[in-house]
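If you read the sequences in order, they're chains A and B. Following UniProt numbering, the numbering of the first sequence begins with 1 at its first residue and continues without gaps. Following UniProt numbering, the numbering of the second sequence begins with 1 at its first residue and continues without gaps.
Just so you know, these hints were derived from the structure itself, not from any lab. Hints should not be assumed to be uniformly reliable.
Heads up, the list lumps identical chains together, so a pair's fine if it works in one copy or across two of them.
Pairs of lysine to aspartate or glutamate, EDC-like flavour, derived with a Cα cap of 20 angstroms [stated by the list, open to error]: (1) Lys-135 x Glu-22; (2) Lys-132 x Glu-14; (3) Lys-157 x Glu-181; (4) Lys-269 x Asp-154; (5) Lys-130 x Glu-196; (6) Lys-38 x Asp-97; (7) Lys-130 x Glu-185.
Note that the coordinates shown come from a computational prediction; the quantities given were computed from them, not determined experimentally.
There are 2 protein chains.
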Amino acid sequence: MVCINGVFGMRMKENITRLGGEAVVVEDDWGAAVSLDKVEQTLKDNPDAKILAFVHAETSTGARSDAKALCKIAHDNDCITIVDAVTSLGGCELRVDEWEIDAIYSGTQKCLSAMPGISPVSFNERALTKVKNRKTPVTSWFLDLNLVMGYWGDGAKRTYHHTAPVNTLYGLHESLVMILEEGLENSWVRHQKNHELLRDGLEAMGINFLVNEAERLPQLNSVFIPEGADDAKVRSTLLNDYNLEIGAGLGAYAGKVWRIGLMGHSSRKENITLCLAALKEILDK
Amino acid sequence: MVCINGVFGMRMKENITRLGGEAVVVEDDWGAAVSLDKVEQTLKDNPDAKILAFVHAETSTGARSDAKALCKIAHDNDCITIVDAVTSLGGCELRVDEWEIDAIYSGTQKCLSAMPGISPVSFNERALTKVKNRKTPVTSWFLDLNLVMGYWGDGAKRTYHHTAPVNTLYGLHESLVMILEEGLENSWVRHQKNHELLRDGLEAMGINFLVNEAERLPQLNSVFIPEGADDAKVRSTLLNDYNLEIGAGLGAYAGKVWRIGLMGHSSRKENITLCLAALKEILDK
């Protein structure tokens, strides 16, 4: 079962289909969180469902879903969970063990502010047991955990599976050290406070958010493009004249929203001040 | 049809099987090149074969196969070719267009001496036509060329498929600039000359090569471990006392051969002089 409330839920479904899986879809509006009630009802209606897949932080809209509650519902219905945490890791509360997330993947280039190219992943015993008990081979040799597991755990010996992207791993290590020095919870608070700073400034200019405050990601701010503003021109002026890149809207929101990222190292007061002042200059012209 | 004369031919076969393909295997001794006669005969015996897959430079043994001749045989028998050029690119003659290689993949961390983590690939029109005409979806969203092709060619527009590993790409760019400055053919000659320097020194010490001179890769030198030498101890002494890492034997040759890489930037006279002198010191003890 896969929850779709934006581009990356659709991506999950596409990958399920490509691998020959059958996907039962729970759909929610783009810009809203995944509905707990709908998920619970759909799980009841599909008692043979084995996995619940959802996106914690929808990068396409800036909506945050309740990963803790979704995992509880899944487990109460004998499902394991696969969670897309690409944009959440480091930017907002995410407790992999406490919330009993079974399989989770993220990216290094979002709130970790590390080099793009690798993907932090985590699997608990429940997920690994499922992988070990597969009757068909994993189609990807690259991410066949049965082989990769040879690298860790008690009694792990030197194994030969792949050449690791060591330079990128060193970069990730440094970014994790920086988060450790700041404190992970402090990083979450910083992201939230900076979101509020941006929000106050944007709302003072009459610019409104796509996502309800309660379901809003601090690191990905989707706002409606003010009437009369030229979407592409504003974004290219921001980039060329102010060295600021903001994202275009996606799907049904293409041309209707801007997506302003405040992720990791870039979630800083001076960036917000610059962004607000630059937007004001461009829109006042 | 897949040719196996070492670990990486076996890897190709494994990937074919994982993806649900049926593999007809042409086997040759480890340490020998792929036999042209056997391939030709097996293709005649299997007229429904659609793809010939082989490893140009077998990293597990140091054997070089005749990619040009294999591609000709494949095309004469209505097959397209998939070529593993991980260890050949930059280290020995490889002419993708002239030899009409249809699909080819390499690695950045071998003779290009760039960062590990990305894989240069190339596809010609014949290969792309096959991809475009697939009736089943590519299982990997990651390497679905139907989507990735949106990035290049005439009339290509900005597309959104993945976040590129930009830092690693900058590193690759610099390594390609270095090869351009040296001249690609000059790089091949350097690898060959340095192989001969190593070969002369090793043979003078009574150490013999696994692969026949005619089928030998200059960048991967597999030599029999001299009688009485302690495989693991020699390798760890080389690493710890001389900062030189050489590879262990693989498969049937584990404990029987060493694999001495002379790839890219590391294919230099001073490394060979050091390696020969260090080996002599250790073996004389």
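Right, here's what the structure says about each hint:
In this assembly of identical chains, Lys-135 and Glu-22 lie within 20 angstroms of each other by CA distance both inside one copy and across copies; the values are 17 angstroms within and 18 angstroms between. For the homomeric pair Lys-132 and Glu-14, the shortest alpha-carbon distance between copies (18 angstroms) is at most 20 angstroms, but the shortest distance inside one copy (24 angstroms) is not. Taking the closest pair of Cα atoms, Lys-157 and Glu-181 never come within 20 angstroms of each other, the shortest separation being 32 angstroms inside a single copy and 42 angstroms across copies. Proximity of Lys-269 to Asp-154 under the C-alpha cut-off of 20 angstroms is found in neither arrangement, the shortest distances being 45 angstroms within a copy and 42 angstroms between copies.
Proximity of Lys-130 to Glu-196 under the C-alpha cut-off of 20 angstroms is found in neither arrangement, the shortest distances being 42 angstroms within a copy and 52 angstroms between copies. For a Cα distance limit of 20 angstroms, the shortest separation of Lys-38 from Asp-97 qualifies neither inside one copy, at 25 angstroms, nor across copies, at 55 angstroms. Taking the shortest alpha-carbon separations for Lys-130 and Glu-185, neither the intra-copy value of 32 angstroms nor the inter-copy value of 51 angstroms comes in at or below 20 angstroms.
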